[in-house]
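Line by line, the protein sequences are chains H and V. Just so it is clear: in the first sequence, position 8 is 8 by this note's numbering, and no numbers are missing. Just so it is clear: in the second sequence, position 92 is 92 by this note's numbering, and no numbers are missing.
Treat each hint with caution, since some may be false.
[Claimed, not checked] Listed next, the in silico BS3-like pairs over lysine-lysine satisfying Cα-Cα at most 30 Å (straight line):
hint, chain 1, residue 1, chain 2, residue 2
1, V, LYS78, V, LYS53
2, V, LYS53, H, LYS16
3, V, LYS3, V, LYS78
4, V, LYS78, H, LYS3
5, V, LYS59, V, LYS3
6, V, LYS78, V, LYS59
7, H, LYS56, H, LYS3
8, V, LYS78, H, LYS55
9, H, LYS72, H, LYS3
10, V, LYS57, H, LYS70
11, V, LYS53, H, LYS72
12, V, LYS3, V, LYS57
13, V, LYS3, V, LYS62
14, H, LYS16, H, LYS70
15, V, LYS62, H, LYS55
16, H, LYS16, H, LYS56
17, V, LYS3, H, LYS3
18, H, LYS70, H, LYS55
19, H, LYS3, V, LYS53
Simulated from the structure, these hints should not be mistaken for laboratory data.
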Amino acid sequence: AQKVTQTQTSISVMEKTTVTMDCVYETQDSSYFLFWYKQTASGEIVFLIRQDSYKKENATVGHYSLNFQKPKSSIGLIITATQIEDSAVYFCAMREGVSSGSWQLIFGSGTQLTVMP
Amino acid sequence: GPKVLQIPSHQIIDMGQMVTLNCDPVSNHLYFYWYKQILGQQMEFLVNFYNGKVMEKSKLFKDQFSVERPDGSYFTLKIQPTALEDSAVYFCASSPRLGGGAETLYFGSGTRLTVL
Chain H
1 AQKVTQTQTS ISVMEKTTVT MDCVYETQDS SYFLFWYKQT ASGEIVFLIR QDSYKKENAT
61 VGHYSLNFQK PKSSIGLIIT ATQIEDSAVY FCAMREGVSS GSWQLIFGSG TQLTVMP
Chain V
1 GPKVLQIPSH QIIDMGQMVT LNCDPVSNHL YFYWYKQILG QQMEFLVNFY NGKVMEKSKL
61 FKDQFSVERP DGSYFTLKIQ PTALEDSAVY FCASSPRLGG GAETLYFGSG TRLTVL
């Protein structure tokens, strides 16, 4: 069964610094897809970035990047040059490939990021 | 990015009543989902829907729940009858196709359901 674990419940950083949020996952599938979303204070859920398991290169989108360590089943989110508006809850999520027979996107419990001026 | 619209944003009803939550998915998307989030917790999968059929549902998708998308209109989640434990925020999501699990889901802003 698939599982996603985020052990950091909350992180506080100063503006313009770099922060890393951890996520580890469990899957029996050889092909899977990893996603990061953020949930703003208004409740909106925004897709940020994804990593496909077969890709060795870490994904990068704007000031978001991923630290994909496949042997450790780890997919960390790195935010560089943080801004006040990055304050949100960040969710890691995983979806297995078609061979698993399941289409569920499984979420972690989230990490509350607070960026301080 | 692509926008999924949910109507209403907040719904308050008495226990035992029926409620319908509405979702307007991204226009060219074919797969639709409902997720449930209890305050302060992660989102949990309820159901996904394609071509007029439920593809997969979780144990949270009780017999009182149903989904449909009649004639390309809103994708709806109906709960009949509601129970106190149904109070949560319900998120709708859509994706263009499943593509072996690779497709990104885009979420709406949620409907906060309060059952009294």
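We went through each hint and held it up to the structure:
no.: 1; hint: V:LYS78 to V:LYS53; verdict: holds (15 Å)
no.: 2; hint: V:LYS53 to H:LYS16; verdict: violated (47 Å)
no.: 3; hint: V:LYS3 to V:LYS78; verdict: holds (22 Å)
no.: 4; hint: V:LYS78 to H:LYS3; verdict: holds (28 Å)
no.: 5; hint: V:LYS59 to V:LYS3; verdict: holds (28 Å)
no.: 6; hint: V:LYS78 to V:LYS59; verdict: holds (16 Å)
no.: 7; hint: H:LYS56 to H:LYS3; verdict: holds (22 Å)
no.: 8; hint: V:LYS78 to H:LYS55; verdict: violated (40 Å)
no.: 9; hint: H:LYS72 to H:LYS3; verdict: holds (14 Å)
no.: 10; hint: V:LYS57 to H:LYS70; verdict: holds (29 Å)
no.: 11; hint: V:LYS53 to H:LYS72; verdict: violated (37 Å)
no.: 12; hint: V:LYS3 to V:LYS57; verdict: holds (24 Å)
no.: 13; hint: V:LYS3 to V:LYS62; verdict: holds (28 Å)
no.: 14; hint: H:LYS16 to H:LYS70; verdict: holds (29 Å)
no.: 15; hint: V:LYS62 to H:LYS55; verdict: violated (38 Å)
no.: 16; hint: H:LYS16 to H:LYS56; verdict: holds (28 Å)
no.: 17; hint: V:LYS3 to H:LYS3; verdict: holds (28 Å)
no.: 18; hint: H:LYS70 to H:LYS55; verdict: holds (10 Å)
no.: 19; hint: H:LYS3 to V:LYS53; verdict: holds (26 Å)
Checked against the numbered hints above, the structure violates hints 2, 8, 11, 15; every other hint is satisfied.
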